[in-house]
Every structure is written in structure tokens, then in C-alpha cells.
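Participant: Just so you know, the protein sequences line up as chains E and H, in that order.
Heads up: the first sequence at position 76 corresponds to 76 in the numbering used here, and the numbers run straight through without jumps.
Heads up: the second sequence at position 322 corresponds to 322 in the numbering used here, and the numbers run straight through without jumps.
By construction, these hints were calculated from the structure, which means they are not laboratory data.
From the three backbone atoms N, C-alpha and C, an ideal C-beta is built for every residue, glycine too.
Don't take each hint at face value.
Cβ pair distances, simulated, as ranges [to be verified]:
#: 1; chain 1: E; residue 1: N22; chain 2: H; residue 2: P266; range: 48 to 54 Å
#: 2; chain 1: E; residue 1: S135; chain 2: H; residue 2: D333; range: 39 to 45 Å
#: 3; chain 1: E; residue 1: T70; chain 2: H; residue 2: H6; range: 38 to 44 Å
From the derived model, a few chain H residues whose C-beta atoms are all more than 10 Å from chain E [to be verified]:
#: 4; residue: T18
#: 5; residue: D30
#: 6; residue: P520
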Amino acid sequence: MAVPGPMPWGTPAVTRRGVDANEARFAQLFDEYSAPIFNYVLRMVGDADRAADITQDTFIKAYRKLDTVTDATSTRSWLYRIATNTAIDDMRRRRMVRPMGDDAPSYANRPDPRPGPEAQVMASTLDERVQRALSTLRPNHRQCLLLSDLEDMSAIQIGEVMGLSYAAVRTLLCRARGEMRRALSAEGFAR
Amino acid sequence: MTMNRHEPFEELISASLTGDLTDVERQRLDAHLDTCAACRSVFAAFMEQRRIMSGLRHVAPPRDLAARVRTGVEGGAFATLPWWRRPAVMFAGIGGGLAAITGVLLALVLLNGTPDEPEIGDATPPPSASPTSSATVVASPSQEPLKTLPPILPPASPDASPAESINPPSPSTGPSPTATPIPPSPEPDVFIALTGPSDNLALMVHEPVPSGEPLRPIAQLEVFEAPNTPPIAAELSPDGQWLAYIAELGLSGLNEVRVARVADPPDGESGQMDVGDVVILGRSVATTPFLKGLEWSPDSGRLAYTLADPDASGESDVWIYEPEATEPERLTDVGNAYAASWIPDPDDDGAAFGLWVSLAAAEPVSYVVELAPGDEVATVDPEEDGIAEAPDVFMPTLTPDGLIAIYWTGSMDAEDGIGWVMSEGGEPYLAEHDLEDGTFRNERPLFSDLDVGEEGWFRYAGISWSSDGDAYAIWDAAWTGPSQGGDDLQYPDPTRVYFGHATDPRGLTRDHAIDEADLPTDTRVVDAKASPTGEHLLVTVRYPLSGDLSPPRADLLLIERNTGSEADVMRNLSINDEGWFGPAAFDADDED
Numbered sequence: 001m002a003v004p005g006p007m008p009w010g011t012p013a014v015t016r017r018g019v020d021a022n023e024a025r026f027a028q029l030f031d032e033y034s035a036p037i038f039n040y041v042l043r044m045v046g047d048a049d050r051a052a053d054i055t056q057d058t059f060i061k062a063y064r065k066l067d068t069v070t071d072a073t074s075t076r077s078w079l080y081r082i083a084t085n086t087a088i089d090d091m092r093r094r095r096m097v098r099p100m101g102d103d104a105p106s107y108a109n110r111p112d113p114r115p116g117p118e119a120q121v122m123a124s125t126l127d128e129r130v131q132r133a134l135s136t137l138r139p140n141h142r143q144c145l146l147l148s149d150l151e152d153m154s155a156i157q158i159g160e161v162m163g164l165s166y167a168a169v170r171t172l173l174c175r176a177r178g179e180m181r182r183a184l185s186a187e188g189f190a191r
Numbered sequence: 001m002t003m004n005r006h007e008p009f010e011e012l013i014s015a016s017l018t019g020d021l022t023d024v025e026r027q028r029l030d031a032h033l034d035t036c037a038a039c040r041s042v043f044a045a046f047m048e049q050r051r052i053m054s055g056l057r058h059v060a061p062p063r064d065l066a067a068r069v070r071t072g073v074e075g076g077a078f079a080t081l082p083w084w085r086r087p088a089v090m091f092a093g094i095g096g097g098l099a100a101i102t103g104v105l106l107a108l109v110l111l112n113g114t115p116d117e118p119e120i121g122d123a124t125p126p127p128s129a130s131p132t133s134s135a136t137v138v139a140s141p142s143q144e145p146l147k148t149l150p151p152i153l154p155p156a157s158p159d160a161s162p163a164e165s166i167n168p169p170s171p172s173t174g175p176s177p178t179a180t181p182i183p184p185s186p187e188p189d190v191f192i193a194l195t196g197p198s199d200n201l202a203l204m205v206h207e208p209v210p211s212g213e214p215l216r217p218i219a220q221l222e223v224f225e226a227p228n229t230p231p232i233a234a235e236l237s238p239d240g241q242w243l244a245y246i247a248e249l250g251l252s253g254l255n256e257v258r259v260a261r262v263a264d265p266p267d268g269e270s271g272q273m274d275v276g277d278v279v280i281l282g283r284s285v286a287t288t289p290f291l292k293g294l295e296w297s298p299d300s301g302r303l304a305y306t307l308a309d310p311d312a313s314g315e316s317d318v319w320i321y322e323p324e325a326t327e328p329e330r331l332t333d334v335g336n337a338y339a340a341s342w343i344p345d346p347d348d349d350g351a352a353f354g355l356w357v358s359l360a361a362a363e364p365v366s367y368v369v370e371l372a373p374g375d376e377v378a379t380v381d382p383e384e385d386g387i388a389e390a391p392d393v394f395m396p397t398l399t400p401d402g403l404i405a406i407y408w409t410g411s412m413d414a415e416d417g418i419g420w421v422m423s424e425g426g427e428p429y430l431a432e433h434d435l436e437d438g439t440f441r442n443e444r445p446l447f448s449d450l451d452v453g454e455e456g457w458f459r460y461a462g463i464s465w466s467s468d469g470d471a472y473a474i475w476d477a478a479w480t481g482p483s484q485g486g487d488d489l490q491y492p493d494p495t496r497v498y499f500g501h502a503t504d505p506r507g508l509t510r511d512h513a514i515d516e517a518d519l520p521t522d523t524r525v526v527d528a529k530a531s532p533t534g535e536h537l538l539v540t541v542r543y544p545l546s547g548d549l550s551p552p553r554a555d556l557l558l559i560e561r562n563t564g565s566e567a568d569v570m571r572n573l574s575i576n577d578e579g580w581f582g583p584a585a586f587d588a589d590d591e592d
């Protein structure tokens, strides 16, 4: 499926400055990967605004460290590793920072206004149900499952992104699939 | 944990979906699937799952993503900012659990600066008159000379008009003959508070609201692991990553020095401590403000503080903590040392080359202990190892740029149960601090309308500088003599806060006390901070214990200082009438 892309990195700024090799390389990187990275992060964090922020930070970091990428480095794995780490940082931070509303103190004992599980399943689109199932996975399970099934990476490539051995990725991926199978079942998908 | 007999094959099934099987594994899996219905079911489920995942809807990124990245790349900021310096990003799109708040234990307040507007005391002062040097400094000949910058204090002129104090005279314009309107004051931008009931302490973030409405909590950090006791001092590291604070340990007469990580490391660097983690640096006898200094080095790499050992008759020494280190390091082992101020290196932005360490004695003295970034912290004897000496100077408290100091001068005495306090002649002085040779020049008594001598002196006081290098606050001023304020005014008054500016030629006078009515009745000032704009004070006041075992209570007050007949404007930032609110710490580098 073609992935809709953002506005391209663009050449005007590059042209004005003369075509610096790194600039051109980064422009190519951005145009090729910004949409897939955004979608990967979106599935990781489940929020489009956060995904945009994380994608933005990912490419800013990538720009600053572009000269560390050698020919031997898998650019794609490197970029996904930055995105993964940035998303993990964000998720860790948000575990520490719990939002509060205007009248937060009174929220503590407020009944959950959301519909019950069955009603949610009935009312949700397939996409929402899958996202909800994903969100119940442990972060490392979610990462490797997304890298495998959404990004179509091999175990070796996933290992490059997550800093794991080939064997560790295979074990982790199997456990992630088992966990996801149960989560999808809870969302009404047949086992 | 036991492994079921299908588990090895489930891993093979999983690996087969991404082509990660060897030929041998493939043959082994195929043979097993021919005979195992359970594994065939797993295979089908995993296949279906992969089909579902790969069919997830693709979402277009924001169309301005490239522009945002370019802005970040060219601006060089954003991604490295601590989370609470970018609240709009941090809190965007968050949904989820909410937590109860029942008290506030520590507050950080970020003020919205107005750099384009003139600030009080922001004018360029004239060259100072004939510098003197009552604080003789002896630099070690073997050491590199300290760094220098031009003097900035105006000539002392206690009779100057209040107008001059608001806009100090500049060489080009001279003093204004009429009062100049005070520019509009900023409101608090974000309010961060360590909050919670005694069993659920947490760092809270509050957002500002229009004047008159209560502050709104918008986020909460996880619970600190340290015991929950009222904080009585707090300082934020210049990089915004760390908060040092002193917690009062009930009625034990002891304090505890702690450091908490309050922001993630920049650029995704990993750290030993997570946001909310607290490390306890030691316990100290809780007596005078001299023991409550929390001095961050300009590069945030070190915290200097003083511990008075409760097991050694209150002997005090200086300790250094490097964030993320497992243990603090002892800098002195002499029993009468106090951490005063880091000395910034003007040639190396963000670095300090040494620390002023004061030795309490009948005749106090201060020394510069050399301690540059990267230097190993070793125990030193300031008297022998110091590279500069300032006799008759105790606890020089420097502005962040190191150019101005308030220090104590006079005799000292060790009181039972209290420790070292100033005695006869004890008085704070305002002076320029020469970064080249460590001398204090152009000095003058801080309180310009006070007669300090045999009839009365200060034992101690709390002192803090604003990050603007001009505004300062004095509180908890322990005056020994009779009032010098006439029939109707207690002066000096230990219950009030004195708010001055170094560039005010009048110095500090009885008129610089904030309005008496600003402070709730019977409260005592715990801490006071002058805002980075030099226009506000944030004052923490504690209420007396009720005697019915109610938890301790303190309020945090935001005070906009006015002069003449115009009353100060005070807002109580506490969000309810119970619990502990404050102290405050400002973010000097707020960029939002």
C-alpha cells in the first residue's frame, strides 16, 4: 500500500545554500522514511499528536547524527532505532507525568464514563480495535511485532533496531504474537 | 516456569512468517504441523494476525512535519529541552488516569520573562567610586589568576529617591527627577509543585490561570521514594534536570538534603535515575540558614551543600554531589566549614573553576577551593589548599554571574544547640566580586539605614539572589538589638521579607520590607525567592503547629512589589487551605 507522505523536505533551502551532501542525503531520508516512521510511532503510542512530536524529534536527532552513519550502517535500522528510543523515552516520561483536568481532585472517585467492553467492541472500527489490542502489549512486544508485521523486517533487522540478538528477537516475537493473539481475542477477533 | 511441548514449535511458526527459518527448521516444523492440530491453529492465528497488522490503515503525517523538523534543526533547541520547559508539547494529547491532590510540598515556578521591557535595576550603572578592600584576598602565587569583569555597583547613596532605586542612574541620562512607572509585571507561566498527602508525595505541575482563579494542576510525577516531610529549601539545577531540596524531619531537629531528577536527560541519553527518583545526600542539624545552602555549579555537574553532623556535636563540613553518582563526596573535614558559592569561569560559559568555602570561627574567613569540571573531588583543608583567602568574610553568596556578592562580616560565636552564628558586629555586606583575584570591592552595609554595633547585630538571615544578578531577598533576619524603626515599626523584623536590588543606590532600608499585611497572621517565612525578572517574590510561609497532630501547613505567596503609597499585590498560590505549598524554585533559563 502506498503510504501517504507529508510535504517533502523540499529543495529550496538546500538550493539556496548549495547542495550540501549531508543536506541532500537527509532530504532523501526524510522523504523516504518520514511517513513510515510516523505510522510506526503512531502505532506505538496511539496518539497522532504525540506521534508527530516523536517523529519530529527523531528526524532532528537523525539530522544531528547523520555524519555518524557509515556505509556499513543500515540506515533504515538506524532511523528506526532512533524512533524507537525516542518513543520509549516519551512513554516512560508519560508514565511519570499523569495529566490532570481542571478539577482534578474531584476526578479521583469519578466513575469511568467510557462504555463497557462489549459496547466498545461493537462501536469500534477494525483499526481502532487492533490499536486497542496493541496498546495492551508490553512496549517491547509491541515494538517487535510492529517492526515485523507492519514494517516487514526480518529478525536480524529487528535485532539491529532493538539491540537484541537474532535468537532473542525470535523468542520475543513469538511471545509478542501470543500476547497479541489474546489481546485480539479480547477485542472480538476469532482465536 | 515450565515450557509446554508446543512452545518450541510456536517459535518456529512465528519465525516462519518472516522467513527466518533454516531449511532444517522448516522441515522440522512442517513435520510437526502435519501431526499437531494445536500448532496448526496457532499457525493460522499468527498468519491472520500478521494479515490484520499489515492491513492497518496508514495515516498521513502532518503536512508541516518537514517545516517543524527544519525549524528544530536550524533552531537547535526543542528536542533537548526538559519536558517541563515545553509544556505545550509535553501535555498535548495526553489522556488517562487522574490522581487526587491533597497537599503541596514543593513548588517550582517558571516565570514568563519580558526581555524587551525595561527591568528594575536594568540600567547600566556608572563606574564605582574608589574601590576599597576590607576583605583582603591573598592569591596563591602558584595558581592562575582568577578572572575579572568590570565593576557594576553604583555609588552608595542612602538618600537617593525611590525613583532612582527603580531605574538607577545611567551615565548618559542621570537620575530621573520623577518616579518612573513600573513596567507591567509578568504572571506565573507554569507552576510545579511537589505535592501530595503524607502517604502519596508527588511532584505536581500547575498551569497559570487569570488572576483571582485558583491554580490548576495539570500533571503529576510519580511518587518519590523518600520519606514525606516538608521541604524548607529548594534549588533547581541550571540545566533544569535536577532539584535539590532540604526536607525537615519532623520535630527531630534534623534536616535531610535530597536531590530528585525532574526531567529526562537530553537527546535520549540514558541515566541511572528516572524522573521522580530521589537520592538522599545526608542528614544535618537543622538550625541556621547558613546550613541551608544548596549550590549548583553553573554546568549543573555538581551540588555543594553543608551537613552539620548530629553525631559530632554539629560539626559542619562541605559535601559535593555529582548527579547520577552513587555517593556524595566529602570536600572538607575540618568541622567548621560551610559551602558558600561556586565561582563562574567567564572564559568557559557554564563552568565554575572553584567554590567559596567559609570557615566559621571567632574571626571567620573564606577560601576559594579550586574545583573545575573534571577535577576529582578530594577532601581538602581550605586553609592549606585554598587558592585565595578572604579574611572577615563569611558565606559570600554570589550572583549567578559571580560579579556581586552579599557576605557576612563580624565576629562569630558557637552557641549550644545552634552552632555558629554571627555575634558582635554581625552584618551582611553588599560588594562587587572580582573574578580575577577573588577580592570583594566597593563594599557597603546591605542595610544602609541600620546602626549595627554593640547595641545590635544580626545573628543570621536567609539570603537569595535572583538570576538577573540584581534582585535579592532577605528573610528570617535574626536581629539582636532593639528596633530601629521608631514607635510603630519593628525594624529589622524577622517575620518580614526585605526585597532589594544591588543597583539600588539606597541599599536596603526599612522601606524595602514587603507590606506586613501580605503575610498571613502568625506565619513564619521559610523561604523567599526573587523572580528572574526581579519584579516578584515567591515566599513560603509556614503556620504554627496546631497541637492536634494536624499535618504541617505552609502557603506559597506570589508578591508583586510596589513602592511608595501603592500597596504590594499578593496572590496566594496554594490550592487549598491545608497541606504544604512551597518553597519555590525558578527556572532561570525558561525559553518559552
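Participant: Decide, hint by hint, whether the structure agrees.
Facilitator: Hints, one by one, checked against the model:
Hint check: N22 of chain E to P266 of chain H, Cβ distance near 22 Å, so the stated range 48 to 54 Å is violated. Taking the beta carbon of each, S135 of chain E and D333 of chain H are about 55 Å apart, not inside 39 to 45 Å as hinted. As the Cβ distance of T70 of chain E to H6 of chain H is approximately 43 Å, the hint placing it in 38 to 44 Å holds. A beta-carbon of chain E is positioned within 10 Å of the beta-carbon of T18 of chain H; the least distance is around 5 Å.
The Cβ of D30 of chain H sits about 18 Å from the closest Cβ of chain E, beyond the 10 Å cut-off, so the non-interface label holds. At roughly 22 Å from the closest C-beta of chain E, the C-beta of P520 of chain H stays outside 10 Å, upholding its exclusion from the interface.
Hints 1, 2 and 4, counting from the list given before, are not met by this structure.
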